[in-house]
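Peer 1: Here is what each chain is made of, one letter per residue.
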Amino acid sequence: MSANIHDIHDQHHHTPSGLMRWITTTNHKDIGSLYLWFSLVMFFIGGFMALIIRAELFEPGLQLVIPGFFNQMTTMHALIMIFGAVMPAFVGLANWQIPIMIGAPDMALPRLNNWSFWILPFAFTMLLSTLFFDSGGPAAGWTLYPPLSLQGGNSMPFVILSIHLLGISSILGAINVIATILNMRAPGMTLMKMPIFIWTWLITAFLLIAAMPVLAGAITMLLTDRFFGTSFFTASGGGDPVMFQHIFWFFGHPEVYILILPAFGIVSTIIPAFSRKKLFGYDSMVYATASIALLSFIVWAHHMFTVGMPLAGEIFFMLTTMLIAVPTGVKVFNWVATMWKGSMTFETPMLFALAFIILFTIGGFSGLMLAMTPADFQYHDTYFVVAHFHYVLVPGAVFAIIAAVYYWLPKWTGKMYSESLGKLHFWLTTVFVNVTFFPMHFVGLAGMPRRIPDYPVQFADFNAIASVGAFGFGLSQILFVYILYNTLKKDVTADDKVWDGAEGLEWTLSSPPPYHSFEKAPRVE
Amino acid sequence: MKNYLYMLALALPAEIMADWEVNMPRGVTPTSEIAYDIHMLMFWITVVIGILVFGVMIYSIIYHRKSVGHQPAKFHESTKVEIIWTVIPFLILVVCAVPATKALIMMEDTSDAGITLKVTGYQWMWEYEYLEDGVNFFSKIDNESNRARRLNSGQNVNNVDNYLRNVDNVVVLPTDTKVRVLLTASDVIHAWWVPELGGKKDAIPGYVNELWINIKKPGVYRGACAELCGKDHGFMPIVVRAVPKMEYEKWVTLQKDNRVAETKGN
Ligand SMILES: [Cu+2]
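Taken in sequence, the protein lines are chains A and B. According to my numbering, the first sequence is numbered sequentially starting from -19. According to my numbering, the second sequence is numbered sequentially starting from 2.
Just so you know, these hints were derived from the structure itself, not from any lab.
Mimicking DSS-like on lysine-lysine, the simulated pairs with C-alpha atoms at most 30 Å apart in a straight line are:
1. 67(B) to 321(A)
2. 9(A) to 469(A)
3. 217(B) to 103(B)
4. 232(B) to 141(B)
5. 173(A) to 477(A)
6. 75(B) to 258(A)
7. 75(B) to 477(A)
8. 67(B) to 477(A)
9. 470(A) to 67(B)
10. 81(B) to 258(A)
11. 67(B) to 395(A)
12. 67(B) to 173(A)
13. 81(B) to 321(A)
14. 67(B) to 258(A)
15. 173(A) to 75(B)
16. 67(B) to 403(A)
17. 81(B) to 173(A)
Values in this document were obtained by computation on a predicted structure and should not be read as measured data.
Same shape as in the complex, but just chain B (with noise of 0.2 Å):
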């Protein structure tokens, strides 16, 4: 019934649905993508499943009721049934599984990345360092959005650019470049989550953990922190821009002329 309205969600046309979205984004990475392919297999498994199960639950309550004078049947085991009504499942499963195996190890293999990001979660704002690139910075929220989220700010959210995804220092990576991230906190646990990215992954103080991103097309991606890690975890978004290779190379060139010209003006 649920999975039904679900459905008809899904098939409404996009401009209706611009505002309400109901889907996990595909993403722009090979790791989104899976994750999305995985999530609908499972979506419509279980679609197939729940109209069987509650079909037949609905056709019984129509059907076998007394006021319609059913009389009740005698029957109250069959190891037959049973045993299918185990052993179908548990093939299904299987048949899911597979895949999702197959994806999981591809998606914890971070062997050959280009360029190594790491990102370290604080209370709360993010430090980004370009260890190859030698270009380090912190992140976070950005002055409007930070002003507009006060309580009883008198400001109509609304009218806030970005509101609560925007940030001040901005993560700039390449495309088609499979880029380490490295992740780890100074005081809480943080999550680096950005959707069309693909999954998160926690940052928690005193481990170095992993995932790879590998952007296919340009664009800016918001997400933001995804374990409660104290007040303003609410407000600790994520901002990437993806750019092709040649704009990230001028952009790292920038940025470590901009940390001369900084040293210099000390």
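So here's chain A without its partners, still in its complex pose (with noise of 0.2 Å):
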């Protein structure tokens, strides 16, 4: 037994240093680092485009960009946030954290975990190379319609081999995942005792394995259309270019809950934590998680009301859509019924959740009027939907990995952050969030389509707000950068259970904890 252990020191000593360390490592920790730093510097790039956006859109008229950089502003954006910055922080935190959670040494299959990293720096190279093209970025918009698409310059293969290259990690992170959960839980921790951030990821993995691969094929078939003379999609050849919009649905509304279920998990295990009470209604949590999961292979076309369905299938996709409410109303409730009678205390990652609980609701709202097919003709298409979307992924997703970030830092580092600067950086976010997206539903009801570089001037007021709260957002996030520097230059001196109302296997571990994490799995009652 102490030989084993021995073995197992002996190995960590043996590890590379410096840059090396990083790129040969298999240790789920380090992943998890990786993914979630290289997660934070595509938010700001990605960030960056979205405030080249909405500087252009302070007022009416064109100052800054030509339409043309414009649309490539908003492809590149929705591309960066939603493959570069949201999936790899949900899969840092997948990496860092279901290992611990579980009682297991590592992920199952570390290699494969080292390479789904490693792959993301070389794909996203790519894809933002192709902005120093002569013809430009990709500027058909992030769900790349034909023809449209089709029209671009050089930079369509090497978005596609991009994609291409998230795909393929994104399948085996999420290989890696399932491998991990079903195989190297502690004994005794069955299904229905896993912790729900574990759930929830559970069956996220099993979203991405079933989504990545129709994208794939979806822009396969572009790439064919392009230089191999098929026409799928090109009405001119026979295709049929409403088909593309059927495949990409079908792979995009799963990918909505990619997006939104690890961040479930998170608010889930962090509302019980601060409310010092269980998890309210834990097994119709896991239900209404894996109803959402199943309902959203039926629903996607709801994003193409428009496209001319059969009224048939007009009513079927209104009505699923609508059936969706249900499980997400249950979590809603679940979780307002896990702060009632609690004894709540408000850190920093409460705070965020909190306002994940609220404001993500208020984006299901609109949510549900957008479900409504006869007031969809209408929303689609303008920022109204740009309201809704922004409104359930950045209160909703950023805000939950930013609260599980300051809820597991001190678990992970050893080092408590400042609970004063994060709580204005909670409050400054919160704020400017609004600032910027709530102005958004008014201009869209009064008529302002989305995807525009220019606007009537009747738009102006509400889009100068917009604008303001955006660079205000953008700037609150450097103090969290600040904070995140501020508490890794501070002594080791976080407890091991760091939060008093904390229940799980991760705090029985020392803060930060051990290298193999679970070298001797613990049993779990």
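Both chains are sitting in their own frames, so use the hints and assemble them into the complex.
Peer 2: Structure follows, in structure tokens:
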């Protein structure tokens, strides 16, 4: 036994140092950190693009960029934020948390884990490099609808290849998550005893495996349409441009839940911890997550109500979409019931989680409105939609990620962040996120289409407010970087159980946890 | 919380809000009115649910906090409550689904139209063909807007008449007539949308989509392309002038005379 431990330590000491440590690492914590840092960098790159967009939209008329470049910015902003910022952040959290929450030493497939991360920097370098091409980057929107995307310049094959790489990375990551969760849980941890974050990630991983290949298929057909003379999507060759949209959204809707289910898991972990009360309705949380995931495969065409579907199709997709409100509602009610008669305190992670519940629910409300086909004919492709999905993605997914970082950072590093700076970061972020995105509901309803570089003067006031909010939001995130820096240069002082109300195996480990998290599997009663 | 602001905004006197339009226009067609009604129905339902849920949450935040000495309760499930808050939202949705489905059936019924207008989207203009009356023309952004919208044009767009919502050739349609609009495109996907005339529909190469409008009030209604169609997507406005039937007939005759004159001139 002691010889065994000695071996493990030896291995630890022989790990290369410096850059090679990070390139060759197979350790779940190192890889988790790589994912999280990568995501932070992408968040700033994507955010910088958003600020170019908002600066141009500050007032009517074109002042800064030409329309073609504006379209490249909206396209790249979405691709970077979805595939570069939010998804890698969740995978980073999965890497850090899954082994230490289920009582495992590491992820099941450590080498695969290394590879699935190291694909990303190459994929994004390739994607971003297209901005420097003479013909510019992709400009047809992240949805890449043909025939417009087929008109693109030389960037197109590079964009498609980088999306393929991102898909491979996601699928490998998902395989690893499933293998780890299904095989490496501590003895006694049955499926229905797993932490809820583990449940949401398990379901997300299955969604990834089911959805990413569909996207790969769609963009491969685009590639052959452009370069190999096929006409899957070109009407003049007998193809069907609408078929692309069906295939794309068959991926795209599950993708939406890939971006939000882990966030549900995080909020379901943080709310009980700071309410000092067990999560209300654990079983129904699991069933609700699973039903949302299943429903996500039969609602895709609500993204394309205006393409001229048969009436029966429109009714079907309207009703199934409305149905999603039921399990989502159950989740929100369960969170509120968890807080009810608790003993709440309001540390930074809790503040972000509470704001998540309110603001995500507002995004859910506009989602329910968008589900109603007759009204969607008006909402579709307007800023109302932009407001909706930013409410579920920014104060939704991104707030959950930030909450998770504050919640587990002391565990990861053994160092406590500054609570007062954390709260300042919370208030600045929450105020500015609403100043940015709330007015977009108004201009959208009043008739402002999305993806336009310039607009009629009647939309000027709310756009100016949104732009001010966006710069405030962006600058507030510099404070977040400072808080991280400030925390990391401190000494290790955090307790093993950082939060008195927190439950779970990760809090039984030291802060920071040992290199091979659980060398001996704990027993779960 | 946010819903309250929203309500406040809606309740403000119209004149204050004139330049701060916050809601969907009710519009002047049966389809725009039904879209508005469904929109407002859903809006108020979400406001009520929001007040209830956020109300309970805020109450809990105020009274069930550690700093006021509240001790945590032990309960963590209740099958009864969980069933109730699964079933009630479901019933609310059924109540919403009925009028929405009816509205949809009405909106998609393009039969018995008086005239047919065929709209073709191009990068970046529209072509209009009046199938029964044999009139057709192209319509693109007016020159004044088109000059002012250039990067650093030096022009103050606030002084441009209907900036980005004005065209060279206006679509003229009769009021109180069911107009069937056929939509297609020649290059990429566009979407034809005039908010006050109801919802949009995509104009797709290789497809002919349909929608119908029946304008109840004479006037000029402005809209734009709503589906990203390339670099000048933001610059392909739509202007519809609705006039009484008599006047429409005169307009058609005039268009035909002009056409004859043009042909002769050539
Ligand atoms: Cu267009």
